[in-house]
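Protein sequences appear in the order of chains A, B, C, D and E.
The first sequence begins at 12 in the numbering used here and counts up by one.
The second sequence begins at 360 in the numbering used here and counts up by one.
The third sequence begins at 360 in the numbering used here and counts up by one.
The fourth sequence begins at 49 in the numbering used here and counts up by one.
The fifth sequence begins at 49 in the numbering used here and counts up by one.
Rather than coming from a laboratory, the hints here were simulated on the basis of the structure.
What follows is a set of in silico ranges between Cβ atoms, one per label pair, in the way DEER data are often shown:
(1) E:Phe-96 <-> D:Gly-194: 18 to 28 Å
(2) D:Gly-194 <-> C:Asn-429: 25 to 35 Å
(3) E:Asp-167 <-> B:Arg-426: 29 to 39 Å
(4) D:Thr-255 <-> B:Asn-461: 45 to 55 Å
(5) E:Thr-88 <-> B:Arg-427: 12 to 22 Å
(6) D:Asp-167 <-> C:Asn-429: 21 to 31 Å
(7) C:Lys-361 <-> B:Gly-542: 53 to 63 Å
(8) B:Asp-688 <-> C:Leu-659: 27 to 37 Å
(9) E:Phe-96 <-> A:Pro-193: 42 to 52 Å
If you're wondering where the values come from, they're calculated on a predicted model, not measured in any experiment.
For each residue, glycine too, the CB sits at the ideal point set by N, CA and C.
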Amino acid sequence: APLHLSVAASMTNAVEELVALYQQQHPDSPIRPNFASSGALAKQIAQGAPADLFISANPRWMQYLLDEELIAPETVTIVAGNRLVVVGEGAPLTALSDLAPLSRIAIASPKSAPAGRYAQQALEAAGIWKTLVSRMVMAKDVRQALAYTDRGEVAAAFVYKTDALLATQAKIILDVPQSLYPPVQYPMALTLRGARRPEGVAFYAFLQSAAAQEVLARCGFSAAATP
Amino acid sequence: MKLDVDLEKRFGSFHWSAGFSVEGERVGVFGPSGSGKSTLMHMLAGLLKPDSGSIYLDGEPLFDVGRRVNLSPQKRRIGVVFQQAHLFPHLGVERNLLFGYNRLPKEERKVDPAALVPVLGLEPLMGRSVTTLSGGERQRVALGRTLLSSPRLILMDEPLTGLDAERKYQIIPYLKKVFAEFGIPLLFISHSLNEMRLMTEQVLELTQGKLSAQISADALALRRMGSTPDGFTNLMELRAPQVNDGLASCRWGEQEVILSGVNDPTAGMYALSSKDITLFKRHPEATSARNLFRCKVVRLFAAGRRTGVELDCQGQRLVSQVVADAARDLELVAGGDVVAVIKASAFRRLY
Amino acid sequence: MKLDVDLEKRFGSFHWSAGFSVEGERVGVFGPSGSGKSTLMHMLAGLLKPDSGSIYLDGEPLFDVGRRVNLSPQKRRIGVVFQQAHLFPHLGVERNLLFGYNRLPKEERKVDPAALVPVLGLEPLMGRSVTTLSGGERQRVALGRTLLSSPRLILMDEPLTGLDAERKYQIIPYLKKVFAEFGIPLLFISHSLNEMRLMTEQVLELTQGKLSAQISADALALRRMGSTPDGFTNLMELRAPQVNDGLASCRWGEQEVILSGVNDPTAGMYALSSKDITLFKRHPEATSARNLFRCKVVRLFAAGRRTGVELDCQGQRLVSQVVADAARDLELVAGGDVVAVIKASAFRRLY
Amino acid sequence: MFEFSPSDWQAMLLSLQVALSATALSLPFGFFAAYLLVFTRLPGKALFDGIVNLPLVLPPVVVGYLLLLLLGNRGPLGGWLSAMGIQIIFTWKAAVIASMVVGFPLLVRSIRLGMESIDEKLIQAASTLGAPWYDTLMTVILPLSGRALLAGATLMFARSLGEFGATIIIAGNIPGVTQTIPLAIYDYTSTPGGDRMALGLCAVSVTLALAVLLFNEGVINRIRKRGER
Amino acid sequence: MFEFSPSDWQAMLLSLQVALSATALSLPFGFFAAYLLVFTRLPGKALFDGIVNLPLVLPPVVVGYLLLLLLGNRGPLGGWLSAMGIQIIFTWKAAVIASMVVGFPLLVRSIRLGMESIDEKLIQAASTLGAPWYDTLMTVILPLSGRALLAGATLMFARSLGEFGATIIIAGNIPGVTQTIPLAIYDYTSTPGGDRMALGLCAVSVTLALAVLLFNEGVINRIRKRGER
Ligand SMILES: Nc1ncnc2c1ncn2[C@@H]1O[C@H](COP(=O)(O)OP(=O)(O)OP(=O)(O)O)[C@@H](O)[C@H]1O
Ligand SMILES: Nc1ncnc2c1ncn2[C@@H]1O[C@H](COP(=O)(O)OP(=O)(O)OP(=O)(O)O)[C@@H](O)[C@H]1O
Ligand SMILES: [Mg+2]
Ligand SMILES: [Mg+2]
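Construct the complete structure from the given sequences, taking the supplied hints into account.
Have a look at this one:
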């Protein structure tokens with residue numbers, strides 16, 4: 012049976028590359044990645060959808076599956092990290108407070124997307140959330156916030172560094188200081204079913220290998236910081 | 360057929376409420392527009408639910424509020440020719456005709472399509488779609504469709520309107536033959552007294568949802584003589600036609616009738632209006648009229664402003680009409696003698 | 360009205376191809392089912408596009424392939440009473456009736472709804488929805504709707520079917536009065552020779568999409584004298600009506616005519632069929648016929664198998680018909696004397 | 049049963065407002081488009097039909113992006129509008145437009161079906177009675193399409209209540225401003241443990257739609273009763 | 049113009065397969081549901097109508113979640129099916145089911161409109177000619193709903209081609225297995241420079257739908273020509 016991966020959509024690009032790489036070495040062990048939002052993936056797994064390995068963009072959905080007792084707890088690890096940046100079309104900024112004069116700023120909806128929550132935390136830490144909140148445009152996810160900037164609908168957007176690489180017009184104008192928000196982490200784990208399968212364990216190990224980490228880094232992910 | 364009906368139905372201001380019991384194979388329903396003829400037909404066929412009452416056909420309940428019987432239309436097996444044709448637009452002429460026929464077990468198929476089609480003049484239409492038929496063509500297909508479904512009773516709502524006289528008088532004897540041959544009883548709605556008299560034995564007359572008379576078609580025609588300019592139509596069965604010198608003669612009972620204006624005289628049913636019979640006290644000498652019959656006056660009756668004169672011409676019955684003055688001048692009395700003069704051109708062939 | 364038509368239209372196997380030019384206020388279209396009557400009507404009204412040809416009404420082109428003219432139906436202002444009523448189901452009886460009327464500028468409204476409604480017997484229907492009307496009721500509403508739109512020409516496709524005789528003979532004179540009064544010309548389709556004779560002066564006869572005859576009512580009557588029982592219609596202008604003892608008398612030229620069957624005799628045009636004139640060599644004694652005229656024979660002419668007899672009754676012209684035998688018996692020759700006998704009930708009021 | 053937050057209540061109100069506006073605004077356009085498709089012989093009819101149906105085929109998200117291209121500040125229409133001082137994007141108007149575009153094919157198809165079943169003879173009768181085409185359109189075709197219009201409007205309304213993909217792109221998911229019920233549901237389902245509230249909002253949505261549906265049936269039944277025979 | 053990858057071709061094929069299967073499978077159910085709603089007097093008709101229309105009102109993602117609850121291995125139906133060895137979730141069958149459920153209200157409404165415009169007199173005529181209700185259903189109502197069925201099927205097909213929200217939840221987004229065109233478009237938008245390819249897939253989707261639409265129009269025109277007068 013093929014190996015089923017459930018991968019957060021923000022890693023689509025990187026995981027496709029990793030799968031291709033892995034298949035070169037193991038052509039006889041087919042892999043089926045499934046890309047969707049972390050929440051959708053978690054609920055699919057919770058309802059018994061076939062999945063051997065879960066990469067979440069959000070530790071809370073990993074926790075949800077742990078609570079449902081569908082994850083092999085000992086396999087939970089951080090596979091990659093990410094950084095929050097501000098993209099825009101203007102000149103580079105020096106601090107978050109430079110955002111104050113901008114007309115509209117997009118963030119992913121803090122309720123549904125972790126990136127939005129991190130952005131909110133950063134702005135709160137910087138003490139300017141209250142002044143900006145009325146000019147905030149909440150997007151569905153980071154990708155959409157980025158699209159707004161690209162089209163010039165907003166002056167700036169909070170996105171992940173990996174997503175900023177997809178931009179065609181907008182450029183990174185500020186690296187949000189890591190001190191203002193918790194580290195962005197992509198937890199990975201084998202499901203109970205995946206943990207029983209040697210192919211699963213092998214691919215899990217491959218993702219933590221240096222070769223894999225190199226691919227992730229090329230796609231803009233930061234190294235997996237230990238939790 | 361024995362039909363026992365006693366029904367109530369209210370539509371806004373219209374109130375159908377009538378009961379009757381008829382026995383006979385060919386029953387007519389007559390009445391002015393809006394008197395409830397189609398309503399009766401729909402209730403009989405099971406297409407309209409009466410408010411209360413009952414319908415019994417040959418003793419079998421089709422509908423009875425008291426006994427909670429209400430057979431579905433297809434269980435009643437009552438064929439209907441609607442006032443409008445209501446053909447199936449997605450089927451061709453042929454499949455419309457055979458719709459009911461094909462649903463019958465073989466042994467219950469009484470009417471043969473091959474025999475019916477030429478009578479209705481449908482041959483040239485057989486491959487056609489029904490959506491492009493002319494008004495009369497539609498009506499004929501609808502008639503054929505119902506006949507071919509061999510129902511146990513046929514209801515016809517003005518089936519012959521829109522047909523030219525020639526076609527109409529070709530269809531009527533065929534219909535009568537079919538009905539007689541296969542014992543299919545008929546309930547016939549029409550505004551034409553002539554059609555009514557040709558097709559039916561008994562007539563139910565409706566007025567505003569009530570039964571106002573249940574009489575023979577002839578009696579009805581006599582009663583209505585005064586109110587139409589057409590007079591009463593005498594129906595004469597003529598036999599043994601002969602042609603002499605461009606003039607046809609036929610036997611009518613014991614007598615000979617000379618008629619013209621009929622290209623190819625055949626035995627059959629002829630119509631003669633009461634207006635076309637002139638009465639003389641004595642035999643007139645030379646006249647252009649070809650037919651002179653010595654008759655006895657059976658009775659006189661009022662017909663509007665005119666007087667109807669029922670005559671006995673050596674066993675044959677004839678109805679004439681005269682103005683009141685003339686009745687006096689001719690000293691017409693029941694039992695008296697009189698000469699009826701009829702022009703050869705006054706006869707109209709029906710079939 | 361002057362109508363010049365020359366059209367071609369093909370539908371599968373049916374091929375309409377006829378040209379004619381008529382002048383007259385009341386034109387009939389006659390022909391068997393499927394002969395193309397409704398097709399002609401639809402082309403005239405602009406509802407069906409002919410393949411080629413032209414239609415000119417009073418010299419104005421309504422359609423002309425050569426000149427690329429094809430007026431839209433509402434520009435033609437030709438009113439149509441369809442074979443089926445085609446009422447607007449979402450409008451009540453009243454709003455159906457007034458649909459065209461309300462769209463007319465005030466000065467072009469010729470027919471008064473208040474006068475029309477009682478004639479058509481529509482008073483009890485005024486508040487009703489049209490979806491529940493009976494067949495005859497629908498037909499009457501459709502007729503009223505078209506009349507009230509005061510078109511410059513009215514086409515009627517069997518408008519009187521489904522009406523009882525009483526209503527029909529009440530409507531016909533009203534229609535004719537309206538048409539005459541407001542100068543609305545009429546093209547009238549019917550299968551009923553009776554209706555046709557009452558409503559029209561001239562008839563176009565169609566056979567399978569071709570014009571087989573175009574004759575004035577007079578000529579048609581003369582032609583049919585030999586082959587139909589209907590005879591020739593004498594048109595008689597009667598004046599100064601008087602009523603005595605339920606019998607009306609009128610002046611006809613120098614003479615007096617007694618007529619019955621006319622409820623309320625008025626001066627006007629009356630019809631008398633040639634068949635209703637019986638000729639006698641000498642004055643007959645007592646007869647039920649009320650009118651005896653001494654005439655001179657003007658000429659004799661062949662009419663099919665019969666002989667037409669043109670008479671001069673003290674300056675008035677009359678045409679009678681006799682069978683060949685009778686002409687011999689009566690020793691009829693041009694210039695000879697003869698007595699014409701006519702029943703009082705033989706006269707039909709036209710208008 | 050459910051304790052809705054103030055922003056949930058706002059979402060419900062907004063959804064209702066958006067769905068009603070989108071339906072009301074689309075009806076005349078939908079009616080006219082259906083008329084063009086059924087009764088006229090335009091040369092580019094097939095193309096027009098295709099364009100009308102486009103939003104049906106594309107995932108709503110794609111429709112949203114295309115609308116963003118058109119109505120964004122740098123888009124051809126959006127630029128002109130913003131020069132006139134009219135802001136569409138990120139306002140509730142954008143949500144209305146998204147619903148209109150996405151529901152339009154459904155509306156048009158409903159009305160078309162109704163129009164196609166109108167007896168041509170009635171239209172002919174109207175024209176012989178002297179009604180020009182626009183008169184016939186308003187006094188015969190419009191009332192006789194009534195049931196289909198109603199069905200189309202209901203469809204449109206229901207579809208608007210559920211519209212998510214295009215709305216979130218051109219209107220954004222701004223609580224209290226552009227957050228309609230589906231967007232609020234999305235926020236809830238993206239949070240572990242938010243399912244209960246999401247379900248609550250679903251129930252509200254369904255209730256609203258059912259109410260409109262029953263109203264529709266009621267009106268149709270009344271129409272039908274009028275025509276009973 | 050566009051150089052599609054093998055998985056893109058697979059997505060197109062799969063989309064076609066899913067849309068066709070969903071349409072074909074829904075037609076009989078849709079026809080029957082419409083029949084029940086139009087011609088019968090069930091007691092729970094309004095409720096039934098509501099349930100049929102439910103998927104229209106809810107955002108497709110919610111419909112997807114509800115289907116997941118029902119058909120997942122832990123769901124009531126899914127558990128039973130998986131005990132029988134039938135796997136629905138994460139297979140193309142799930143995509144078909146998602147499309148069927150989401151498009152069903154559109155289909156039923158189309159057919160209903162068609163059925164409601166059938167002249168009742170024809171059904172009466174059929175019954176007086178001896179046809180029982182099921183016979184009338186198949187030989188009169190079915191053919192006379194033909195145009196509406198076709199319109200409904202087209203609607204369903206088009207909607208299936210664009211279906212994203214419910215599909216990604218119960219079928220997953222697995223390239224080559226359950227990835228239909230909308231899901232592939234979604235993936236492309238997560239890839240640097242993927243917009244062009246996304247546009248290409250949109251174009252394919254639109255072309256497919258337009259082809260079906262034109263086919264539909266063609267058939268309808270032929271039906272209409274037959275009935276011309
Ligand atoms: N659903 C209804 N609501 C109100 N009135 C109705 C309804 N159905 C029929 N009527 C009325 O009942 C009366 C009888 O109708 P019916 O169709 O039986 O007449 P009819 O005798 O067949 O007339 P016609 O010769 O004109 O066809 C008419 O006045 C008609 O308008
Ligand atoms: N679209 C069409 N395709 C094929 N044949 C047609 C079409 N329309 C009419 N016809 C045929 O043309 C002929 C003339 O039709 P039309 O309706 O003019 O007859 P009509 O004289 O009015 O007959 P009726 O008295 O029965 O109403 C008929 O045989 C009809 O079937
Ligand atoms: Mg009737
Ligand atoms: Mg005709």
